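Asker: The primary structure of each chain is shown beneath.
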Amino acid sequence: ILNVEQSPQSLHVQEGDSTNFTCSFPSSNFYALHWYRWETAKSPEALFVMTLNGDEKKKGRISATLNTKEGYSYLYIKGSQPEDSATYLCAINTDKLIFGTGTRLQVFP
Amino acid sequence: DVKVTQSSRYLVKRTGEKVFLECVQDMDHENMFWYRQDPGLGLRLIYFSYDVKMKEKGDIPEGYSVSREKKERFSLILESASTNQTSMYLCASSPGTSGEQFFGPGTRLTVL
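In the order they appear, the protein sequences are chains Z and U. Per our numbering, the very first residue in the first sequence carries number 1; after that it's consecutive. Per our numbering, the very first residue in the second sequence carries number 1; after that it's consecutive.
Calculated from the structure, these hints are not laboratory results. Quantities reported herein were computed from a predicted structural model and do not represent experimental measurements. Yeah, the Cβ is synthetic: ideal placement off N, Cα and C, and Gly gets one too. Be a bit skeptical, because a hint or two may be false.
What the hints assert, rightly or not - In silico BS3-like pairs for lysine-lysine, Cα to Cα no more than 25 Å straight-line:
id: 1; chain 1: U; residue 1: K55; chain 2: Z; residue 2: K96
id: 2; chain 1: U; residue 1: K57; chain 2: Z; residue 2: K96
id: 3; chain 1: Z; residue 1: K59; chain 2: U; residue 2: K3
id: 4; chain 1: U; residue 1: K13; chain 2: Z; residue 2: K69
id: 5; chain 1: Z; residue 1: K42; chain 2: U; residue 2: K13
id: 6; chain 1: Z; residue 1: K42; chain 2: U; residue 2: K53
id: 7; chain 1: Z; residue 1: K96; chain 2: U; residue 2: K71
id: 8; chain 1: Z; residue 1: K96; chain 2: U; residue 2: K13
id: 9; chain 1: Z; residue 1: K78; chain 2: U; residue 2: K55
id: 10; chain 1: U; residue 1: K3; chain 2: Z; residue 2: K96
Unchecked claim - To give an idea of the chain U side of the interface with chain Z (calculated C-beta under 7 Å), a few residues:
id: 11; residue: D38
id: 12; residue: G42
id: 13; residue: Y64
id: 14; residue: G104
Unchecked claim - Label-pair distances were calculated between CB atoms; the ranges are:
id: 15; chain 1: U; residue 1: G63; chain 2: Z; residue 2: N29; range: 26 to 32 Å
id: 16; chain 1: Z; residue 1: K78; chain 2: U; residue 2: T110; range: 25 to 31 Å
id: 17; chain 1: Z; residue 1: Q14; chain 2: U; residue 2: D59; range: 26 to 32 Å
id: 18; chain 1: Z; residue 1: E83; chain 2: U; residue 2: T110; range: 45 to 51 Å
id: 19; chain 1: U; residue 1: P105; chain 2: Z; residue 2: K78; range: 42 to 48 Å
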């Protein structure tokens, strides 16, 4: 079973700080890499689906990159806001989604 | 707007009870999934279904069964609940086997 790792496990930042976290995977043998945001008491929602080495995606202040050769994806948040507080999950898509354990981000005003 | 709903947000049951967790999606998706999420662990796949009346075991099917009688509904059944099944349960659906999944809000089940 492929193991997807995320780091750090949790992160506390001040409003306005920029932050990033990592998703690592041992193999590039998958269809896509997904990033989800999971806010407390809500459904996980998809942020990005990335398929190609070198892919970069952006949505507002959040962006992500994918490096399949070295086995990682980064998620960046520029100028963090309290509403960015959530758990960020990555998953690789083989014949099913294999999830990492998530990074829990808390942004303090 | 795509929607996956789960029958309960919070549920408390006793050891040995039979428990039904219901999931309904309104997107006409073929594929539906049940996961559980525990602290320090990623979402783990319990069962999934690619079509009506069809089911496949995921990574941790022991102690669970599922039912899919209609395309929009996928039920997770705990035949005899145990304390180690206390967890957050998430249902998801997707239009294809290799694409984005749409999640429900989760059911936090406590087994006493």
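Asker: If you check the beta carbons of Z:K78 and U:T110, does the distance land in 25 to 31 Å?
Answerer: With Cβ atoms ~39 Å apart, the hint is violated.
Asker: Taking 25 Å as the top limit, are the C-alpha atoms of Z:K59 and U:K3 close enough?
Answerer: Holds, at about 22 Å.
Asker: Is it true that the CA of Z:K78 sits at most 25 Å from the CA of U:K55?
Answerer: violated (42 Å)
Asker: Please check whether U:Y64 passes as an interface residue: C-beta within 7 Å of a C-beta belonging to chain Z.
Answerer: It is violated, given that the least Cβ distance between U:Y64 and chain Z is near 16 Å, above 7 Å.
Asker: Could you grab the alpha-carbon distance between Z:K42 and U:K13 and see if it respects the 25 Å cut-off?
Answerer: Roughly 23 Å between the alpha carbons, so the hint for Z:K42 and U:K13 holds.
Asker: Does the CB of U:D38 sit less than 7 Å away from some CB of chain Z?
Answerer: Since chain Z brings no Cβ nearer than about 10 Å to U:D38, farther than 7 Å, the hint is violated.
Asker: Given the hint that Z:K96 pairs with U:K71, test it: the Cα-Cα distance must not exceed 25 Å.
Answerer: Given pair Z:K96, U:K71 holds - Cα atoms ~19 Å apart, limit 25 Å.
Asker: Using the beta carbons of U:P105 and Z:K78, state whether their distance is inside 42 to 48 Å or not.
Answerer: violated (28 Å)
Asker: Next pair to validate is U:K13 with Z:K69; report whether the Cα-Cα distance is within 25 Å.
Answerer: violated (47 Å)
Asker: At a threshold of 7 Å, is the proposed contact between U:G42 and chain Z supported by beta-carbon distances?
Answerer: Result: holds, 4 Å to nearest chain Z Cβ.
Asker: That 26 to 32 Å hint for U:G63 and Z:N29 (C-beta), does it hold up?
Answerer: holds (31 Å)
Asker: Under the criterion that the straight-line Cα-Cα distance not exceed 25 Å, is the pair U:K3, Z:K96 satisfied?
Answerer: holds (21 Å)
Of the numbered hints stated above, those contradicted by the structure are hints 4, 6, 8, 9, 11, 13, 16, 17, 18, 19, listed in ascending order.
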